[in-house]
Structures are given as C-alpha cells and as structure tokens.
Amino acid sequence: MSGGQPHERGGQPHRLIDAPHLGYGAITAAIADPVQRGGFGRIWAITLLCMLPLVLLTIGAIGAVLTVGIGLSGVNTTVVWGFSIANYVWWIGIGNAGTLISSMLLLTRQRWRASINRFAEAMTLFAAAIAGLFPIIHLGRPLYAYWLAPYPNTMALWPQWRSALVWDFWAILSYLLFSILFWFTGLLPDLATMRDRATTRRGQVIYGALALGWRNSARHWRAYETYHLTMAALAVPLVCSVHSIVGLDFAASLMPGWQESIFPPYFVVGAMFSGFAMVVLLAIVIRWGLKLQAMITPAHFDAMAKVLLFASIVMAFSYATEWFTAWIGGEHADRSVIGYAFSGDYAPLYGALLVCNCLCPQALWFARVRRSLPCLAILCVLINVGMWLERILIVWNTLSHGHAISLWRTYQTSLYDLAILFGPLGLFVALFLVLVRLLPIVSMHEVRQLARDEGAAR
Amino acid sequence: MTTPLLAEFESPEALIRAWARARDEGHRAVDAFTPFPLEELAEAFGPPPRLIRPAMAAAGFGAAALLYALQWWSSVHDYPLNAGGRPLHSWPVFLLVPFEVGVLAAAVAGFAALLHSCGLPRLHHPLFVMPQFERASQDRFLLLVAPKGDPAPLRALLEAAGARLVAETHP
Chain A
1 MSGGQPHERG
11 GQPHRLIDAP
21 HLGYGAITAA
31 IADPVQRGGF
41 GRIWAITLLC
51 MLPLVLLTIG
61 AIGAVLTVGI
71 GLSGVNTTVV
81 WGFSIANYVW
91 WIGIGNAGTL
101 ISSMLLLTRQ
111 RWRASINRFA
121 EAMTLFAAAI
131 AGLFPIIHLG
141 RPLYAYWLAP
151 YPNTMALWPQ
161 WRSALVWDFW
171 AILSYLLFSI
181 LFWFTGLLPD
191 LATMRDRATT
201 RRGQVIYGAL
211 ALGWRNSARH
221 WRAYETYHLT
231 MAALAVPLVC
241 SVHSIVGLDF
251 AASLMPGWQE
261 SIFPPYFVVG
271 AMFSGFAMVV
281 LLAIVIRWGL
291 KLQAMITPAH
301 FDAMAKVLLF
311 ASIVMAFSYA
321 TEWFTAWIGG
331 EHADRSVIGY
341 AFSGDYAPLY
351 GALLVCNCLC
361 PQALWFARVR
371 RSLPCLAILC
381 VLINVGMWLE
391 RILIVWNTLS
401 HGHAISLWRT
411 YQTSLYDLAI
421 LFGPLGLFVA
431 LFLVLVRLLP
441 IVSMHEVRQL
451 ARDEGAAR
Chain B
459 MTTPLLAEFE
469 SPEALIRAWA
479 RARDEGHRAV
489 DAFTPFPLEE
499 LAEAFGPPPR
509 LIRPAMAAAG
519 FGAAALLYAL
529 QWWSSVHDYP
539 LNAGGRPLHS
549 WPVFLLVPFE
559 VGVLAAAVAG
569 FAALLHSCGL
579 PRLHHPLFVM
589 PQFERASQDR
599 FLLLVAPKGD
609 PAPLRALLEA
619 AGARLVAETH
629 P
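For the record, the sequence lines run as chains A and B. Just so you know, the first sequence maps onto residues 1 to 458 in the working numbering. Just so you know, the second sequence maps onto residues 459 to 629 in the working numbering.
It is worth saying that the hints were derived from the structure and are not from the lab. Every value quoted in this text rests on a predicted model; they were computed, and no experiment measured them. Errors might be hidden in some of the hints.
Going by beta-carbon spacing under 8 angstroms, a handful of chain B positions derived as facing chain A [as the list claims (entries may be wrong)]: (1) 527; (2) 570; (3) 594.
Computed beta-carbon distance windows for the label pairs [as the list claims (entries may be wrong)]: (4) B/592 x A/47: 46 to 52 angstroms; (5) A/140 x B/580: 46 to 52 angstroms; (6) B/549 x A/212: 39 to 45 angstroms; (7) A/50 x B/478: 38 to 44 angstroms; (8) A/206 x B/519: 51 to 57 angstroms; (9) A/44 x B/486: 48 to 54 angstroms; (10) B/580 x A/37: 26 to 32 angstroms; (11) B/590 x A/425: 42 to 48 angstroms; (12) A/76 x B/544: 28 to 34 angstroms; (13) B/549 x A/165: 41 to 47 angstroms; (14) B/478 x A/184: 33 to 39 angstroms; (15) B/500 x A/237: 25 to 31 angstroms; (16) B/590 x A/314: 47 to 53 angstroms.
Where a beta carbon is used, it is the ideal one built from N, C-alpha and C, also for glycine.
Bound-form chain A, shown alone (with noise of 0.2 angstroms):
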C-alpha cells in the first residue's frame, strides 16, 4: 500500500496500471514468478497451518451431522431451517458473485475486470462447490441424495419436478460445471505461459497437459474469444436463474414473509452485494500478499466500491418494498413477521443487519474511503456479516412466526451450527491459498492487453 500512496493524489501515470511503465515480459514475470520461483514466505506456510484446524473442524462437524443425524444443530420442529440454509444462500450468493460480475464485466467492456477477473471466478468454484455440500448436510437422509437425479430405477420411482430442492439439485450443478468451463477457459493461454517458463520437467509436463497444446496463434485466439464472450452473455442469466431458484426455494413455500415475488430478484443483488464485497477483500489481501500494486490500483478498487454502493441501495430499497407490501396487503401474517423482525426474538440481528447492509456502505459515497483500503476491508467483512445474518434471519424470523401461533419457538443454535458456519471459511481460505501456489492469479494475457490499451507497455 506503501507504493500507492503518492498515485492517490492524482499522480498515477495510467488508470489502470500503476506503473510509469510495465512491459508484457514485467507483467508475466510479476504474476507467474511466485508460483513457479518460489515468491512464498512464511506468512504463507503460517496461514495455511493455521487454517487446518479450520479444515479438520468442517470435516468432523460435517461427519457427526451426517452420521448422527440433523438434530445435532439447532433444528426443531418449529424452525426446521438452519444455519445449513442460510449458510448455503450466503456461499451460493458469494459463489455467484465471481461469474456474474467477470461476465458482465466482459460484456459491457469494462477494461479493468483484467486484474479481478481470474481470482473472483476461482472464488465462485470455491463457494459454490462449498455450498453445495450444505443441502446435503440438511437433507436429513444424505445417502439418498442421489435420489434427485432422474435415472431409470428398480422402483420405478422419478424425481419430484415441482420440488425446489430438484430445482436446486440442477442449478448447483449446471453452474458449478459451467463456470469451472468459464473459468478454465480463461486459464488456458495462461497455462501455455506457465508451461514456457518452467523450469522444471515437472512443471513443464503438468502445466503443459493443463494447456492441452495452446500455442497462442491468431486462430487460437479468435476462436477463443468468439467463445469466451459466448460464455459471457449465457453467464448473466444463468447466474440470475441459479440464484433466482435460491429464491424461489422460499418464495415457492406458503409462508408468511416469504411468499413474495420480489424474492428472486432481491436475492440476486444480494449475492452481487455480498459476494463482491467478498471480491474486493480478496483483492486487497492478494495484491498484498503477491506485491500486484501495479496491477490492482485504486482505481479499481474506486470502481469496485462503486458497485457495492449501488448494490447496498438497491438491498435498502428491496427491504423497504418488502415492509411495504406486508403493509399494503394487510395479510395479518405478513404484518405480524415483520412486526417480529423488529421487535421479536431475534430484533438485535435485525437492526445489525440493517447497519450493516444499509447504513454502513454508505460511507461508499466518499471518494477518500472508497480509495482506502482498510476502510474497505471493514466495510467488505461488514457487508458479509450483514448479508449472513439476512440469510439466518429470512429463515428463522418466519419460521419462528408462521401461521399457526401454537407452534412458535425459537431456534437453539448449537456448537455443531458454529463449526459448519466457521469451518468452511478455513477450508474456503485454505483452498485459495493452495490455488494461489499454483496457478496465476491474475489472468496475465488480460493484464498484457490491458497494458497496451494503457499505453503503459511502451
């Protein structure tokens, strides 16, 4: 941060590169010289044990629920959602976040998505693969997950097509192979870069089969942009419909505070909102851990904040519609759960949601934060706490004030509830350290372009 400081005043030589000049040799050596000289320390070494307790952590609670059974976290028969929903909505929103926002990027030919654009779409593989583990763990009867595949059986039995978790079943599935496809992609000319400068036989066989044979020629690349953008413009509704179907899995129900149809659509800002604050704290600790301060400037982290601003309003303006509605409908029910969000069990959560969704990005509107890192940091890790606390809150704020007054209780959250919330945060963290080891980060053909569009390369 150091070397950003006098470029803050208006004295960076390029928007987007922040660097008087950066050749394509510069740019390559910068980016893939950690991985392959062997640019770790050990802060790296450090994390990475300090994350295995974490890891270990997810593996056993994961382990226990599934052998005991469901009623080891906080479930009952009232509040028979948990924290495995709400921690699957906030990982599938962050999951949904990386794709939505390289895609869109790429489509509206937003030049500084170069930088972001490679570790915001491993962010997406890492959340939705974590994500998906989560039905599973509530599905009560795990062995019989299988079950939502249509596939001819001896019991002549189909999946249910009308069931959200069917729906559900598809969506995670189709995006995760989806974006690993999206995300691959964009990795192959970097993987041939990768293969020329090893320096080992076996980086040079591994990073050379990842490859497949790239050589960079003007066909290659033609044919690879030609799908690239095609996979760009299909991203952008299938991010919508994914987390549109996250939605539905509450709107399709009968409940009160619920049943509404600003579901969908609330529920895809939501994970734009959450999951880029996710993109932007990512950004700030790799582009100090891998020194990329040439490459990660504040302009786009300026541009960043900018979005989540904008994203913020958009969620202060989704729950204000949904207190509105209930009002408006004069459904008792309706009235009486938003009467609860505000003043019932779980009120203190709901106010701290509000502040942290809605009253504090709005210090976003200040250039001088919006180009300060640790501002953004706090605001970032905010932003996520907020969005989780939503997510456990649509859940039990209806559920322990449904129709039926004689069933209302509260949830009782467990220990095994904070080690399926905590522990995948280590295994996240630990996954993306190893990726960082050993592929690059920052998609360098992108960053080689970007710095002649610049003129920062000559």
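Mind docking chain B on chain A? Use the hints.
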C-alpha cells in the same frame, strides 16, 4: 518448395506493420503467435470460427428440449402424482431445469467446438522447437509468413520492419 519464415518482433505494432507490408508484397501470412489477441489481426488469417456458436445453440436447445420432454413424460405418463391438485403438466416450473441444463450443455459443446477449431488438444507441435517460440506466450510477437518464391526478399522485408530474429521453419 520454400518453407515459411518465423519472425520475432518486440511490439505488436511492429508485427502489424510487417504483416501489412508482407501482404502487400504478395507473400502469404500464415499465422501470428502473440501473448494476447490483437484486434488488428482478427481478419488476417482466414474466416471466423464457424462451428462454435452453432454448436452451442444446437446443444443448448437440444438438451433443454430433451429435459423438458423427460419431465413431461415422467410426470404425465410414467409416474403421474397429484401434488395438491396441481396440473400434471406444470409447464411454468418445468422450464427451470431445462434452462439450467441447456446452458450447461451449450457450454460443454462450445468448449468441445473450441478445441476442435483450434486443433487441440495437441501437446506437441513442430513450431514448439523454433527459437523464441516460448516467448510468444510471454512478451514477444511472432509472425509466420510463407514467401512468394525466393525467401530472401521476404527475409529482408521482415528485418527492415524490425524483426529481431527471422528463422526458417522445418516442415
């Protein structure tokens, strides 16, 4: 039979100038190898890839139709189940799964078509033995041109355009 020449340039601008001159002199530019796509060369080496988008469309719509048919047949004919009086053929919700699967099928088919258009996977290629070829994925811009007749004038042209190294390829 003359073999194509591979010329190495330091900047995309030099490569584009050399390509334009070689083309004007009647030589045949075969391909360029650059660390990122050059917009100026998009039309230079033949027609755009024709296979990728149609393949994606066919696979996408095909898979979606197939899945819709499966939903319809399994819930109307093979295993009719009355769930709360809803119609057996619940077409609005039957659109969700075909959409997801259609997009996935389009992506997979497009990737296969991409590999097919590029002639990949092909882990080795004769060009990989050329000097400086490994720089094409890093910081050098290579142009492959087949000379019209005698290679000497083409070599001179490329060198005048700023090529650092001009090498003969071995077919």
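Enumerate the violated hints, using their earlier numbering and listing them in ascending order. 1, 2, 4, 7, 8, 13
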